[in-house]
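In order, the protein sequence lines correspond to chains G and L.
Residues in the first sequence are numbered from 5 upward in steps of one, following our numbering.
Residues in the second sequence are numbered from 5 upward in steps of one, following our numbering.
Honestly, the hints are just simulated from the structure, not real lab data.
Check the hints yourself; a few may be wrong.
Which copy? The list can't say, so a pair holds if one copy fits it or any two copies do.
Claimed, not checked - Using 25 Å as the maximum straight-line C-alpha spacing, the simulated SDA-like pairs for lysine to any residue come out as follows:
1. Lys49 x Arg65
2. Lys49 x Gly59
3. Lys49 x Asp21
4. Lys116 x Glu130
5. Lys354 x Leu318
6. Lys116 x Glu327
7. Lys49 x Ala18
8. Lys166 x Pro274
9. Lys166 x Val372
10. Lys116 x Gly358
11. Lys116 x Asp317
There are 2 protein chains.
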Amino acid sequence: MALVVQKFGGTSVADPDRIRAVADHIARTRRRGDEVVVVVSAMGKETDELLHLAGQVSRTRPGREMDMLITAGERKATALLCMALHDLGVPADSFTGSQAGFVTDVNHTNAKVLEVRPDRVREAMEAGRVPVVAGSQGVSSDRDVTFLGRGGSDTTAVVLAKVLAADACELYTDVSGVFTADPRIVPAARRMSRVSFDELLEMCACGCPKPAMRAVEAARTHNVVLHVRSAFTWEPGTWVTQEDADMEQVIVTGVVPDDSEAKVTVSGVPDRPGIAATLFRRLADLDVNVDMIVQNVSDHGSTDISFTIPHPDLERALEAMAEMSADIGATGVSSDHDVARVSLVGAGMKSNPGVAATVFETLAAEGVNIEMISTSAIRISCVIREADLERATRALHSAFGLDAV
Amino acid sequence: MALVVQKFGGTSVADPDRIRAVADHIARTRRRGDEVVVVVSAMGKETDELLHLAGQVSRTRPGREMDMLITAGERKATALLCMALHDLGVPADSFTGSQAGFVTDVNHTNAKVLEVRPDRVREAMEAGRVPVVAGSQGVSSDRDVTFLGRGGSDTTAVVLAKVLAADACELYTDVSGVFTADPRIVPAARRMSRVSFDELLEMCACGCPKPAMRAVEAARTHNVVLHVRSAFTWEPGTWVTQEDADMEQVIVTGVVPDDSEAKVTVSGVPDRPGIAATLFRRLADLDVNVDMIVQNVSDHGSTDISFTIPHPDLERALEAMAEMSADIGATGVSSDHDVARVSLVGAGMKSNPGVAATVFETLAAEGVNIEMISTSAIRISCVIREADLERATRALHSAFGLDAV
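Sequences are here, hints too, so could you generate the full structure?
Put into structure tokens, the structure is as follows:
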């Protein structure tokens with residue numbers, strides 16, 4: 005008998021039929037002899053609808069009240085799923101984040117879990133009941149309701165799997181696993197049966213939408229085995245585990261396209277210590293999430309600094325940079341909306357020095373111009389024209405032998 | 005400076021515009037120098053929508069989970085109202101029933117308040133903030149979320165006014181007060197400026213929809229002065245207080261029509277002690293809410309027992325009565341959908357013996373047949389044909405001098 009944490013995303017519980025299908029799956033898991041603890045997200049687009057409602061009511065939208073509002077979505081989903089389980093003769097109890105013992109910091113709308121005291125979850129399990137925990141929520145050290153942020157239900161599931169010492173944490177979603185590339189862009193993309201935490205993290209960082217990056221980080225930290233799979237086909241998906249010798253034989257795991265960011269360039273920045281720190285501290289203060297940063301070698305005492313940021317942050321980043329440009333003696337600030345990034349991820353890459361060369365050759369053969377390059381031990385990212393993104397993704401997927409045969 | 009509990013019903017906060025209007029009213033009350041504690045119901049038809057959703061998901065709908073689901077509605081409304089208050093520069097904090105210290109019994113979907121420990125509400129007040137409490141909810145002695153039932157927000161407001169020793173409890177709704185009759189039926193109906201707890205209770209018991217009967221009972225018990233008024237016109241409404249000498253001069257306060265019930269008659273019931281108890285215990289076990297009960301004098305050792313019950317309860321009541329009829333030796337069970345009840349309420353009635361006679365004469369003059377009669381010290385109710393209801397209501401309203409001049 006194994007203990008499994010099963011987390012169901014918004015699309016998995018989007019309507020009454022889907023909720024009953026999920027209940028049926030949980031009932032089957034129990035009949036197979038496994039013990040189940042469930043984590044649920046809000047139904048379908050409910051979180052977006054609540055955000056929209058808040059926008060209609062208020063300009064200021066204080067964080068404490070946003071969290072009280074948004075967390076109502078997950079509560080509803082847990083209650084409805086428990087009702088569907090009761091209908092199937094499976095005893096189940098819903099728990100809010102607070103009832104499940106999730107204690108967080110006071111950072112509303114994006115709280116961090118400080119501690120979990122899952123006494124009530126354990127009591128329910130011992131009584132032979134299925135605990136159904138509302139995802140992405142907790143109670144702060146100030147006794148207020150907190151929201152862990154978008155995608156926080158994955159974090160709830162991983163943390164719960166850790167504290168309950170579960171055998172696995174299954175993340176059910178609307179895709180059937182992690183693919184070598186987005187199948188909508190690369191028809192030849194394959195579902196990976198296994199991927200390492202590090203590789204998946206790099207893929208997340210490059211824009212792979214599922215699962216949530218923060219949850220993968222937590223899973224890596226606590227060594228919680230993840231299983232990313234579909235709540236629509238119920239077929240086995242992708243296992244996410246620590247890297248092992250076997251995995252290293254695959255050089256490249258996947259290709260990840262991302263068109264969610266814009267590029268900003270500050271030109272003619274004086275090459276003095278501390279200048280870059282000044283720029284990026286200002287952006288951090290504005291809560292702008294800077295992604296890639298590239299600074300070329302200094303040329304006659306000044307340099308260009310380019311970075312990418314999410315499209316919605318562009319306006320305030322440009323304003324701040326324009327202000328600072330004069331102060332630091334830079335010559336100008338420019339931005340570019342029509343960029344995109346393609347990234348190659350693979351744990352085997354670090355011991356294969358030819359990978360970068362192959363990337364550049366492949367893109368050159370396709371006539372794709374590379375505007376920025378950034379690398380980690382297991383990832384190479386290139387900023388290119390947005391119009392070239394799909395072509396570049398397919399070419400790299402093919403060049404590294406990822407296409408399904 | 006007075007302390008006022010202001011409760012806003014579902015129609016008062018039905019959409020973003022209405023929520024902002026309510027926030028504006030609270031801000032004005034504060035500027036006037038009064039201290040405000042707010043109680044909010046779920047927005048518009050949200051409670052109905054949640055009940056519908058539960059019906060789509062589940063047949064069994066366990067009470068614990070229904071309460072977790074339904075209470076999400078009030079939470080959302082409190083959070084949104086606090087956001088709107090922040091926009092106006094009024095600091096405000098939302099509180100769930102649990103956070104506001106409402107401890108209830110474990111009777112899910114219709115829990116009773118056992119105790120209120122409003123520490124957080126008081127802390128917010130002391131900090132100059134407006135506490136906004138989610139209506140109709142609490143936490144049970146088993147630490148589960150509980151719902152106080154439909155109309156429970158009125159109870160939350162009254163109980164809070166009691167424990168905070170508020171000067172008044174204002175119940176804002178979509179009508180501008182308590183009327184001598186439903187203005188949709190009796191165009192000449194007048195809004196009462198004052199009514200006693202007892203009179204309002206009798207009117208509630210006869211089908212007057214607002215405020216909720218349970219809240220009026222609580223207000224009478226704790227002597228909390230109520231002010232029933234409109235969240236649309238904001239004009240002064242009806243004050244509900246203890247009866248005083250002045251009030252007694254009005255013989256009849258109002259006429260209340262009610263077409264929500266059906267009549268059941270069990271015929272030829274043997275006239276033995278305990279038979280009626282057997283019948284009504286069985287109905288109570290089925291959770292059928294029996295209203296009027298009339299038993300005629302015994303005739304040759306057997307009698308007919310008639311009673312009225314809400315339409316939705318009719319089917320199961322009839323099944324139970326048919327089963328029992330044979331056991332107790334009754335001759336038959338019949339039912340009638342097309343009945344209605346008209347009631348006359350007034351604290352002055354008890355010292356005016358001619359009121360009943362006037363009622364019967366008035367209905368006779370209108371050609372309205374009376375099928376059942378039931379009276380209390382301050383109320384006379386007659387069951388008549390449903391088709392005669394509006395005519396009877398208008399005739400009584402006029403006969404007792406209630407028409408506006």
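Hints violated by the structure (listed by number, smallest first): The structure conflicts with hints 4, 5, 6, 8, 9, 10, although it agrees with all the remaining ones.
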